[in-house]
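A.B. asks: Order-wise, the sequence lines are chains A, B and C. Note that numbering that gives the first Met the number 0 has the first sequence beginning at 0, numbered continuously upward. Note that numbering that gives the first Met the number 0 has the second sequence beginning at 0, numbered continuously upward. Note that numbering that gives the first Met the number 0 has the third sequence beginning at 0, numbered continuously upward.
Some hints could be false.
As the list claims (entries may be wrong) - Beta-carbon label-pair distances, calculated as ranges:
1) A:G204 <-> C:H12: 43 to 49 angstroms
2) C:R298 <-> B:E16: 52 to 58 angstroms
3) B:K163 <-> C:E176: 52 to 58 angstroms
4) A:S10 <-> C:M0: 55 to 61 angstroms
5) C:T362 <-> B:L437: 52 to 58 angstroms
6) C:P111 <-> B:E308: 24 to 30 angstroms
Said to hold, decoys possible - Once the Cα atoms are required to be at most 30 angstroms apart in a straight line, the calculated DSSO-like pairs of lysine-lysine come out as:
7) B:K364 <-> B:K311
8) B:K422 <-> B:K74
9) C:K210 <-> C:K313
10) C:K25 <-> C:K54
11) B:K220 <-> B:K198
12) C:K139 <-> C:K220
13) C:K141 <-> B:K311
14) C:K108 <-> B:K364
15) B:K117 <-> B:K178
16) C:K113 <-> B:K364
17) C:K58 <-> A:K232
18) A:K114 <-> B:K364
19) A:K108 <-> C:K58
20) C:K220 <-> B:K424
21) C:K113 <-> B:K306
22) B:K424 <-> A:K114
23) C:K210 <-> B:K422
24) C:K215 <-> C:K310
25) B:K69 <-> B:K117
26) B:K364 <-> A:K67
27) B:K435 <-> A:K21
28) B:K12 <-> B:K2
29) B:K367 <-> A:K114
30) C:K340 <-> B:K103
31) A:K114 <-> B:K2
32) B:K311 <-> C:K146
33) B:K163 <-> B:K30
34) B:K178 <-> A:K67
35) B:K306 <-> C:K139
36) A:K108 <-> B:K30
Keep in mind the hints are simulated off the structure, nothing from the lab. Yeah, the Cβ is synthetic: ideal placement off N, Cα and C, and Gly gets one too.
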Amino acid sequence: MITAGIDVGASSTKAVIMDGNKILAKFRQMAEGEEEYVINAALHGAIDAAGIKREDIGKIVATGAGAKNVDFADDIVTDISSGARGAVYEVPASRTVVDVGAEQARAVKCDATGKLLDFATNERCAAGSGAFIESMARALQTDFVTFIDYHFQSDKDIPLNAQCAVFAESEVVSLINSTATTADISRAINNSIAERTSSMTRRVGIEETVTAIGGVALNKGFLDSLQRFLEVKVTVPADPIFTNAVGAALIAQG
Amino acid sequence: MSKYKTEPMKLWKRIKEFKQNHFKEYHEAHKNGRLRFLGATALSISQYTGFENAVIMGSEPFAANIAFWKDFGLKCMEECERRGMTRELCGYSKCVWGAQFLNKNIMPDGTMLSEWGKPDFASSFSLAPCHCKWFQILCENSDTPMYLFDLTKAYPYNDENLIKYMTGQMLDCIEQAEKAVGQPFIDELFIKGVKNEFKSYRTWCDIMILNQTIPAPLDEKTIFSFIVPNLTKAYGDDTVALMQELKEEVQDRVNRGIAAVANEQFRIITDAIPPWPALELYRYLEREYGGVVVGSPYVICLCGSWKFENDKGDLIPTPTPVELGMPLTTREEVARALVWYRSHFSTETPYNIACGEVLHELTLKIAKQWHADGGMLHQNIGCTMQALGSMESRNAVAEAGIPCMNYEGNDADSREIDLTNMKRKFDIFFEANNVKRLTKKAA
Amino acid sequence: MFEKFSEILTNRHEYARDWKKRTGGKVVGFFCSYAPEEPLKAAGILPVRIIGGHKSSDKVGKYIAPNIGCSFCRDALGRGLEGDYDYLDGIVQGQTCLHTGEAFWVWQKHLPVKFSYFLAVPHSTQTIGREEYLAVEYAKFKTALEKWIGKEITNEDLDRGIESYNTNRQLIRQIFEFRQQDNPLVTGSEALDLALSGQIMDRDEHNAMMKEVLKKLPDRKMDRDPGTRIMIIGSVNTDREFMHMVEHECDLPATIVIDDTCTGIRYNFNDVNPQEDRLMAISLRYNHRPPCPNKDWPRRRRIPFIKHLIKTYKVDAVILFNHKFCQPHQLDNAVIEREMKAMGIPTLTLEFDIRIPIGQFRTRVEAMLETTMDII
Ligand code: SF4
Ligand code: SF4
Numbered sequence: 000m001i002t003a004g005i006d007v008g009a010s011s012t013k014a015v016i017m018d019g020n021k022i023l024a025k026f027r028q029m030a031e032g033e034e035e036y037v038i039n040a041a042l043h044g045a046i047d048a049a050g051i052k053r054e055d056i057g058k059i060v061a062t063g064a065g066a067k068n069v070d071f072a073d074d075i076v077t078d079i080s081s082g083a084r085g086a087v088y089e090v091p092a093s094r095t096v097v098d099v100g101a102e103q104a105r106a107v108k109c110d111a112t113g114k115l116l117d118f119a120t121n122e123r124c125a126a127g128s129g130a131f132i133e134s135m136a137r138a139l140q141t142d143f144v145t146f147i148d149y150h151f152q153s154d155k156d157i158p159l160n161a162q163c164a165v166f167a168e169s170e171v172v173s174l175i176n177s178t179a180t181t182a183d184i185s186r187a188i189n190n191s192i193a194e195r196t197s198s199m200t201r202r203v204g205i206e207e208t209v210t211a212i213g214g215v216a217l218n219k220g221f222l223d224s225l226q227r228f229l230e231v232k233v234t235v236p237a238d239p240i241f242t243n244a245v246g247a248a249l250i251a252q253g
Numbered sequence: 000m001s002k003y004k005t006e007p008m009k010l011w012k013r014i015k016e017f018k019q020n021h022f023k024e025y026h027e028a029h030k031n032g033r034l035r036f037l038g039a040t041a042l043s044i045s046q047y048t049g050f051e052n053a054v055i056m057g058s059e060p061f062a063a064n065i066a067f068w069k070d071f072g073l074k075c076m077e078e079c080e081r082r083g084m085t086r087e088l089c090g091y092s093k094c095v096w097g098a099q100f101l102n103k104n105i106m107p108d109g110t111m112l113s114e115w116g117k118p119d120f121a122s123s124f125s126l127a128p129c130h131c132k133w134f135q136i137l138c139e140n141s142d143t144p145m146y147l148f149d150l151t152k153a154y155p156y157n158d159e160n161l162i163k164y165m166t167g168q169m170l171d172c173i174e175q176a177e178k179a180v181g182q183p184f185i186d187e188l189f190i191k192g193v194k195n196e197f198k199s200y201r202t203w204c205d206i207m208i209l210n211q212t213i214p215a216p217l218d219e220k221t222i223f224s225f226i227v228p229n230l231t232k233a234y235g236d237d238t239v240a241l242m243q244e245l246k247e248e249v250q251d252r253v254n255r256g257i258a259a260v261a262n263e264q265f266r267i268i269t270d271a272i273p274p275w276p277a278l279e280l281y282r283y284l285e286r287e288y289g290g291v292v293v294g295s296p297y298v299i300c301l302c303g304s305w306k307f308e309n310d311k312g313d314l315i316p317t318p319t320p321v322e323l324g325m326p327l328t329t330r331e332e333v334a335r336a337l338v339w340y341r342s343h344f345s346t347e348t349p350y351n352i353a354c355g356e357v358l359h360e361l362t363l364k365i366a367k368q369w370h371a372d373g374g375m376l377h378q379n380i381g382c383t384m385q386a387l388g389s390m391e392s393r394n395a396v397a398e399a400g401i402p403c404m405n406y407e408g409n410d411a412d413s414r415e416i417d418l419t420n421m422k423r424k425f426d427i428f429f430e431a432n433n434v435k436r437l438t439k440k441a442a
Numbered sequence: 000m001f002e003k004f005s006e007i008l009t010n011r012h013e014y015a016r017d018w019k020k021r022t023g024g025k026v027v028g029f030f031c032s033y034a035p036e037e038p039l040k041a042a043g044i045l046p047v048r049i050i051g052g053h054k055s056s057d058k059v060g061k062y063i064a065p066n067i068g069c070s071f072c073r074d075a076l077g078r079g080l081e082g083d084y085d086y087l088d089g090i091v092q093g094q095t096c097l098h099t100g101e102a103f104w105v106w107q108k109h110l111p112v113k114f115s116y117f118l119a120v121p122h123s124t125q126t127i128g129r130e131e132y133l134a135v136e137y138a139k140f141k142t143a144l145e146k147w148i149g150k151e152i153t154n155e156d157l158d159r160g161i162e163s164y165n166t167n168r169q170l171i172r173q174i175f176e177f178r179q180q181d182n183p184l185v186t187g188s189e190a191l192d193l194a195l196s197g198q199i200m201d202r203d204e205h206n207a208m209m210k211e212v213l214k215k216l217p218d219r220k221m222d223r224d225p226g227t228r229i230m231i232i233g234s235v236n237t238d239r240e241f242m243h244m245v246e247h248e249c250d251l252p253a254t255i256v257i258d259d260t261c262t263g264i265r266y267n268f269n270d271v272n273p274q275e276d277r278l279m280a281i282s283l284r285y286n287h288r289p290p291c292p293n294k295d296w297p298r299r300r301r302i303p304f305i306k307h308l309i310k311t312y313k314v315d316a317v318i319l320f321n322h323k324f325c326q327p328h329q330l331d332n333a334v335i336e337r338e339m340k341a342m343g344i345p346t347l348t349l350e351f352d353i354r355i356p357i358g359q360f361r362t363r364v365e366a367m368l369e370t371t372m373d374i375i
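Bound-form chain A, shown alone (with noise of 0.2 angstroms):
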């Protein structure tokens, strides 16, 4: 059967198109207009990719933040289990699963099969979420990308934990007027969100492999530190943006 996965997230909306056990294509849409219009394109753009017609698709599942706007999905999980099932298609050695949202960092412990074991979710402060990290890489002002490189330039390891987002921003502050440099506060970021994934990680338990998805795993920085706090090694998928759309195309697979 062929299965359509939806991922609707606050930046853009995956799609992913499989058959079987296979990725026919994938199509991301940037969240810019009406969310109804985004939704429809990603699913249109997966589907003239995979060469296919809308009628062709079997069942369609939606997940992510906005899930329950795709109003022609058949049905609709959370993040949590089609990220978990996703990450064990592409790294089928995967039993943990990290992944930092804009909004929500998550772990997961799920068996070889992709079936959730136990999960944990950070607290509702933003500090341990990837949109700290943006709002940080803007009060260094520097875009995101810079911002990772920089992590690498700094061999220094400055604390920066206070516990929330507000502290920790004030902590950023006052290095900003100190002697420390863009790269070794690049780098303290990364580790206290590191730090705080790592925490989280935890109370599921680290069993091995250990798989980072969603759009943070891009940050080489931040595997570099959260390695260093999880004290293994952090395996990330090909193309981890896509990593939630691929599990609910396959969970529509049944």
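Fit chains B and C with the ligands to the known structure of chain A by using the hints.
C.D. replies: Chains B and C with the ligands only, in chain A's frame:
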């Protein structure tokens, strides 16, 4: 087609009225020439029955009622914060302090009162030190005579040093109260009241045990409506009778297979005081997933007294001093028996700091004995005492193979409750446990 | 003059390990200053206070939620989970607040030690029967200790324990008295290191070091402007970086002349008055010492104590030092602030996390100093 038959509880309305009437009696006490006592339910209620004209109010239900009416609750919080009390401080305390500052209160049916309900005498218990600081501040600000009990260590129970210490305080409290209210303390009334309390509490345990049945005859949200008689008036003849009737009705439901939730498919335990301003959560669990909360250390112990069978065996009701034939003829004997009985797992004693070694075991026992499929533990930020042990309870339950999660909430402060996030977390939890959603999409 | 105290405090784990090697004795960690140290000392054990390292740890979040546990306890527990305290043979808690209690239970469960004991110190230090109650709890504790170490703790042993601690507290008070002078001969930073090092050292060794200091102290020349005389009131203070910042890094001069914290005078204010029943004597000391907010009810004994210190140490301004999520102190702070206002004493409330935003704190302290020094 529903899985089970269900029907409303017949006693529901009467118990609601009982609560309304009791609050009314308290607030109108002075008008009727009676005395008001406000005491922590843990152990400072029934000793006031020795005063002939006493109307006794439990401070926690008093606070919870304010929290439940969230608009008024919020006003109380804000009033406290205006006076320099931080947002992190206890939700219950701020409800009552706020009511006192504003000199207003609210009835269980939502009627506003133009007076907060200053007691003639107040008392509290150090389940945690803050539970006494709560009353220290309240009584200072309202110029109320107070007696604050020190409950040092509620586990292991049956500790002679503790019983002696607490009994001494109780006798002292009685004398102080006599002086403060200028009325004699009548031992016969006290003895009768305490014996009644034993009965009401013991019956509660039986009712809770009935809820181990599948399907559960009661769900926790309904149970919340039934806690008030024991929490405020366990000493009354009417409460003894009401609890007996409640037990019979629940037993009848069990006999006839009547479920609280027609689609019960996943039995849940929680742990702490619920987020009063967001009780609709419980309905969400039921409606969407057939998830029924069958109990918690909070609600099970709140109006009963429990112990482990032998050493760390199953949780069983503590036999009452009457059942054990303890001497109960003098004030001293009765005070001692009351302390002994209530310093087992009773009311909130399992959360006492010194019980940290056992709270998680108790929670696990409840999960097993009440046949829970999973645990959804409330990380109640409104009460540090409850919130602190919650992670370890989760770890213990999860490690025993019963899926378990924490969700962050607040028993009193509606601003700290993120309903969308909570529901999201519940969705994930059910999904992870392959519990089929009964409706197609999220509300 | 106080460098040696600071050095040992910095290297406290090395000190404890070395002590074990030197003496072959056991080391027991304790969380709160209500721990029964005299009986431990009597048993030949070194009690050390478990304090944090102002470093966070990702290992704590599994046991204590980051949005509820006090930062001091999370830090301390974190150090345990990271292995810094692997030399401890046992842990003891003298009951106070919820947070230290939970840290104790988590430690007991997840960091196995040979001996652990939760001592039920009364919550109130004003209730009827509390002294007798605590004395009996000490007796139980003593029995448990004896069973563990395999020998009896005699009255002579207890006397040695009491003597060592009494001397220690007296010497600390003597040194603290030099802070009453117009130009205090001991800075707040030094005083903190002095008192805190006591809580992690063998008291006899600490006593010997203090006696040396006392020989030279009266002749010490201070070449610093004392500036505003500050008192610190609040949660347990182990923040040396902060103390240093206030006294040495602000644009305006300031000296921390006294405190009401359990790492300062509150802990060292009173002694054990010898009596035949040694355990009762110890019980009286802990019941009668200036209380922490957890134990200060129904009446408030802290307020008169604070006022007494303000007068004796000629305090100009107060910093309310509050650990994040330390509700016990938050509960008292509103009242203290009101009292200070009535006395015309400026107060500044600062909330301390495991690490602090030192730059922001400096700005706020300086703003307060501007008001006390009439600059604005
Ligand atoms: S935080 Fe909990 S234990 Fe403390 S006063 Fe409030 S309700 Fe009582
Ligand atoms: S700082 Fe406050 S909460 Fe933390 S241990 Fe001390 S009294 Fe307890």
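A.B. asks: Does the Cβ distance between K163 (chain B) and E176 (chain C) fall inside 52 to 58 angstroms?
C.D. replies: Because 42 angstroms falls outside the window, the suggested range is violated.
A.B. asks: When you check the alpha-carbon spacing of K163 (chain B) and K30 (chain B), does it fall within 30 angstroms?
C.D. replies: violated (38 angstroms)
A.B. asks: Below or equal to 30 angstroms on CA atoms is what counts here, so check K108 (chain A) against K30 (chain B).
C.D. replies: violated (62 angstroms)
A.B. asks: Is the gap between the beta carbons of P111 (chain C) and E308 (chain B) within 24 to 30 angstroms?
C.D. replies: holds (27 angstroms)
A.B. asks: Below or equal to 30 angstroms on CA atoms is what counts here, so check K114 (chain A) against K364 (chain B).
C.D. replies: With Cα atoms ~27 angstroms apart, K114 (chain A) and K364 (chain B) stay inside 30 angstroms; holds.
A.B. asks: With the threshold set at 30 angstroms, check whether the alpha-carbon distance from K113 (chain C) to K364 (chain B) stays at or below it.
C.D. replies: Holds: K113 (chain C) and K364 (chain B) sit about 27 angstroms apart, inside 30 angstroms.
A.B. asks: Given the hinted pair K58 (chain C) and K232 (chain A), is their Cα-Cα distance within 30 angstroms?
C.D. replies: Holds: K58 (chain C) and K232 (chain A) sit about 18 angstroms apart, inside 30 angstroms.
A.B. asks: Holds or violated: are the alpha carbons of K113 (chain C) and K306 (chain B) at most 30 angstroms from each other?
C.D. replies: Satisfied, since the Cα-Cα distance of roughly 28 angstroms is no more than 30 angstroms.
A.B. asks: Quick one, are K424 (chain B) and K114 (chain A) close enough, alpha carbons at most 30 angstroms?
C.D. replies: Given pair K424 (chain B), K114 (chain A) holds - Cα atoms ~17 angstroms apart, limit 30 angstroms.
A.B. asks: Starting from the hint 52 to 58 angstroms, judge whether the C-beta atoms of R298 (chain C) and E16 (chain B) obey it.
C.D. replies: violated (41 angstroms)
A.B. asks: Tell me if the straight-line CA distance from K215 (chain C) to K310 (chain C) falls inside 30 angstroms.
C.D. replies: Holds, because 27 angstroms separates the two Cα atoms, which is no more than 30 angstroms.
A.B. asks: Does the alpha-carbon distance linking K25 (chain C) and K54 (chain C) stay inside the 30 angstroms limit?
C.D. replies: At roughly 27 angstroms apart (the allowed maximum being 30 angstroms), K54 (chain C) and K25 (chain C) satisfy the hint.
Against the hints set out earlier in the document, violations occur for numbers 1, 2, 3, 12, 20, 23, 26, 33, 34, 36.
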